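Chemist: Sequence:
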Amino acid sequence: MATEKLSKMVAQAALDAVVKYGNCEAAAKALGVPRSTMQHRLKAADMYGLKVDATKDKDNPRLLRKRIEQLEKELKKTETESDEVEVLKSAIGTLNSKHSELEIPAWTFEAPKRIAEPGVPTLFISDVHGGEVVNPSEIYHSNRYNIEIMKQRFEYTLKTGIHLLQILDKDMRYPGLVMPLGGDMISGNIHDELTATNQLQTMPTLLEMHEMLVKGITLMADEFGSVFLPCVGGNHGRDTKKIWNKNRNHTSFDWLMYQYLAKHFQVIGDKRVQFFIPDGPDAYYKIHNVRYLLTHGDQFRGGDGIIGPIGPLTRGNQKKQARNQAIDMEYDVMICGHWHQYIQLARLIVNGSIKGYDEYAFSNNFGFEVPQQALWVTNARYGITYRMPVLCEPPPKPTTTEWVSIRK
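Read the sequence shown against numbering that gives the first Met the number 0 and you will find it ends at 407, with the numbers running on by one and no gaps.
The hints are simulated quantities; they were obtained by calculation from the structure and are not laboratory data.
Just so you know, these numbers come straight off a predicted model, no measurement behind them.
Be aware that a few hints might be false.
Said to hold, decoys possible - Across the chosen pairs, the derived CB separations fall in these ranges:
(1) 29 / 101: 56 to 66 Å
(2) 35 / 202: 16 to 26 Å
(3) 42 / 195: 52 to 62 Å
(4) 245 / 31: 47 to 57 Å
(5) 31 / 240: 58 to 68 Å
(6) 151 / 279: 32 to 42 Å
(7) 105 / 398: 20 to 30 Å
(8) 134 / 405: 35 to 45 Å
(9) 381 / 192: 44 to 54 Å
Don't be surprised by glycine CBs; every beta carbon is placed ideally from N, CA and C.
Take the sequences, apply the hints, and build the full model.
Modeler: So this is what it looks like as structure tokens:
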């Protein structure tokens, strides 16, 4: 044991000497030993995992320079991933705008000027699945979908949302519109069947989606004066085989499209439009006194043929509540997409889809649901008041019947 301690002491002294005198040769000369002996001691220091003793010669310029170099290397290593993200943001023009940092628009929490004002409306857009094709002949002609239909449904959804809010308040006394983008905006190539059947590949789809969303967001800004868009990525738009927990959004084409949308409105100087694009999977924001958590919803697993996704969604919401409470970020209502089913509960809002029923849902015997999105109003005094599903296309024409009929 004494020999081992002595060896460590000698090895440590050799290591400190190299740092003090700048190189192995100068250190060997200072200690009066051959260069080969010095090298042997340094190998021993490496074997023992020894480091420079910072308490010795702490004011030595060479030692300080060496320590600075070591710290710079460690800092560079830890910031590599972050640097790559900043370079990407800089390249698309959003570095200075800090869209990953929440800046809540004043109109989302300011008290209304008149008590009769309905509040702040939210139109939730998610699960568009741009680029995907739904073949009607495979699902009893209950639905069809392609890029052209996608554009028609998106426009119809926005105009129907405006119409419903005009019914609620003919004077349109809304301070602005919150329009969350909840992920799965594009179909992606995560499954072989999608790669084989998508109408367009990912990049051309992104161009189509970008043009469609720019027009839609501009329409809503013209109608409501201001639009706030919290954004999260989905599971379909990824460029990895499986969903990553690290860098989830930075491997998502949804996130990339959000950044380009933000750049567009930033470049043209349209301050009516404001984005919140967090780096993580959840977006936390507040409207009046209601705290919202936006997530895509793919973290929740399970469900059955009786209650559908209510079970996993309720359990998942409770887990997120506990997590956020522990970090002092409690929320009141979780909103998510992913499940393609419109659900409105007191503390949970689940969005439908613009794509609608497809071959996957049909093959797995899931319940049929028309393409629809969620619309609600957050009142400054009463919280969430009006809740309305927004159909994404005109419903079938009703058959002519008497308004009251008695079966004979």
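Chemist: Next step is simple, just say for each hint if it's right about the structure.
Modeler: Do the hints match the structure? See the list:
1. With their beta carbons about 57 Å apart, residue 29 and residue 101 fall inside the hinted range of 56 to 66 Å.
2. Look at residue 35 against residue 202: about 60 Å separates their beta carbons, and that is not inside 16 to 26 Å.
3. Between residue 42 and residue 195 the Cβ separation comes to about 57 Å, which falls inside the hinted range of 52 to 62 Å.
4. Judged by the Cβ atoms, the range 47 to 57 Å given for residue 245 and residue 31 holds: they are separated by roughly 51 Å.
5. Separation of residue 31 from residue 240 is about 60 Å and conforms to the stated range, judged on CB atoms against 58 to 68 Å.
6. Remark: the range hint 32 to 42 Å for residue 151 to residue 279 is upheld by a beta-carbon distance near 34 Å.
7. Taking the beta carbon of each, residue 105 and residue 398 are about 50 Å apart, not inside 20 to 30 Å as hinted.
8. Remark: the range hint 35 to 45 Å for residue 134 to residue 405 is upheld by a beta-carbon distance near 42 Å.
9. Between residue 381 and residue 192 the Cβ separation comes to about 46 Å, which falls inside the hinted range of 44 to 54 Å.
Figure legend: structure checked against the earlier numbered hints; hints not met, in rising order: 2, 7.
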